[in-house]
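From first to last, the protein sequence lines are chains S and P.
Just so we're aligned, residue 1 is where the first sequence starts under UniProt numbering, counting upward by one.
Just so we're aligned, residue 1 is where the second sequence starts under UniProt numbering, counting upward by one.
Keep in mind the hints are simulated off the structure, nothing from the lab.
Bear in mind that the values here come from a model prediction, so they are computed numbers and not experimental data.
Quick reminder that beta carbons are idealized off the backbone N, C-alpha and C, glycines included.
Some clues are possibly wrong.
To give an idea of the interface, some chain P residues facing chain S are shown, with a C-beta separation under 7 Å as derived from the structure [said to hold, decoys possible]:
id, residue
1, 25
2, 109
3, 116
4, 117
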Amino acid sequence: MAVAARPPPGIQPAGLACLTLAGCSGNQSALDAAGQEAASIAQLFWVMTTGGAIVWLLVVALLLYAARSRSHSEAAASRLILWGGAVLPSAVVVGLLAYALWLMPALRPFGAAAASGLRIEVTGSQYWWRVVYRSPDGVTVTSANEIRLPVGQRVELSLASNDVIHSFWIPSLGGKMDMIPGRTNRLSLQATKPGTYRGPCAEYCGTSHALMALQAVALPPEAFDRWLAAQAKPSPAVAASGAELFRRHGCGACHAIAGTEAKGVLGPDLSHFGSRLTLAAGILPNTTDNIERFIADPDRIKPGVKMPAFGMLPREDIRVLASWLRRLE
Amino acid sequence: MRFIPKPIETLWTLFTAPVVWAAHFLFCYGIAAVYCAKQDQIGISFAAVRIGIAGATVVALVLIAASAWLAWRQWGFGAHDPPHDDPTRHDRLLFQGFATLLLSGLCFVAVIMVALPAWFVTECVR
Ligand SMILES: [Cu+2]
Chain S
1 MAVAARPPPG IQPAGLACLT LAGCSGNQSA LDAAGQEAAS IAQLFWVMTT
51 GGAIVWLLVV ALLLYAARSR SHSEAAASRL ILWGGAVLPS AVVVGLLAYA
101 LWLMPALRPF GAAAASGLRI EVTGSQYWWR VVYRSPDGVT VTSANEIRLP
151 VGQRVELSLA SNDVIHSFWI PSLGGKMDMI PGRTNRLSLQ ATKPGTYRGP
201 CAEYCGTSHA LMALQAVALP PEAFDRWLAA QAKPSPAVAA SGAELFRRHG
251 CGACHAIAGT EAKGVLGPDL SHFGSRLTLA AGILPNTTDN IERFIADPDR
301 IKPGVKMPAF GMLPREDIRV LASWLRRLE
Chain P
1 MRFIPKPIET LWTLFTAPVV WAAHFLFCYG IAAVYCAKQD QIGISFAAVR
51 IGIAGATVVA LVLIAASAWL AWRQWGFGAH DPPHDDPTRH DRLLFQGFAT
101 LLLSGLCFVA VIMVALPAWF VTECVR
């Protein structure tokens, strides 16, 4: 009577497969491509996987065959080893390598041809990202923890680091590239689908490494141009009540806000902080409540963070600061 | 006077192909790195570098094929079967020939793999 609860055979593997496959889509998946480079990488992955599966099936078939059949001349066996064991694998490996190399020129900014468009400089710091846009017409915009790109246009990224090695990777858009102190690495990306994608730091960089991510927002080109033009000017809300508190409490020593005297560079640029989707490098939704919590005790949210706690400020000041920052669109 | 050298009994011939592979590797990576770092000062195009790599590859493959042929001869052109593990001079010679032949095969494929990127990559990374 008690045996009724047993699942039919096969249900567990099937469940496991579903769980695994569920990870293949979404805003942080190399297999759910939203960019040209990611699409080639996904294609490479499938070609390699299929190639590997075919080789595996062949080997298993051969194994079964060998287990059954008895009589073989030694000459035939030697021939099989030579062709099946040496020549064929070499040819397959060289073929797959050639295929991967053939894709490569499209994955990296080779040559001067690609240098025309928008350039975005991303610099990793423990545990956030500085982002500087340099458009071909000379506009420079500084931001942090979020990159926006125009769909259908090639964007060149210059990747650097301020302290330790970080790694830049937006799986939905393209391949991974390390950010190495003292070096500038380049990556080129072309988004093909509008949307918001996630890019976690992909190289262990300290206590809060897992809490260091960035959002990549791919916008239609006109929307992007409008957004960039707006970012190039100070936020309209900058003169409101929080500005004075920001100055008085010394936030400007580390943060810059366009249109105020705050020019610090140790922390993220907050000029248009309110228009960011997330707070503290992709870990919390950007709401007034969360900003208040972060200002009062950033270490609680992000252990090892390089911003001191401001819990000693009057609650009211923190509240005003948070809602002012939230309105800096 | 003969063009093809006489068989000799030494362990050193075993290393011919790996040494050619190493030299070819060094040449390809060295020339590409130096060229891309100093392309402003060097008056040649990347195409010329690729042709140089192609030339070096042909030379390397010919040398390795020659070493493979000599090893094949030492092995008696396959007249005896491995494992050649008797403690005799004859078996030692055969074993060495066979090992050199196999190693040459590996190096031949490896040299092709080292050269392949230059086939597909037509410019320096910026
Ligand atoms: Cu990091």
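Comparing the hints with the structure gives:
no. : hint : verdict
1   : 25   : violated, 15 Å
2   : 109  : holds, 5 Å
3   : 116  : holds, 6 Å
4   : 117  : holds, 5 Å
When held up to the earlier numbered hints, the structure conflicts with hint 1 and nothing else.
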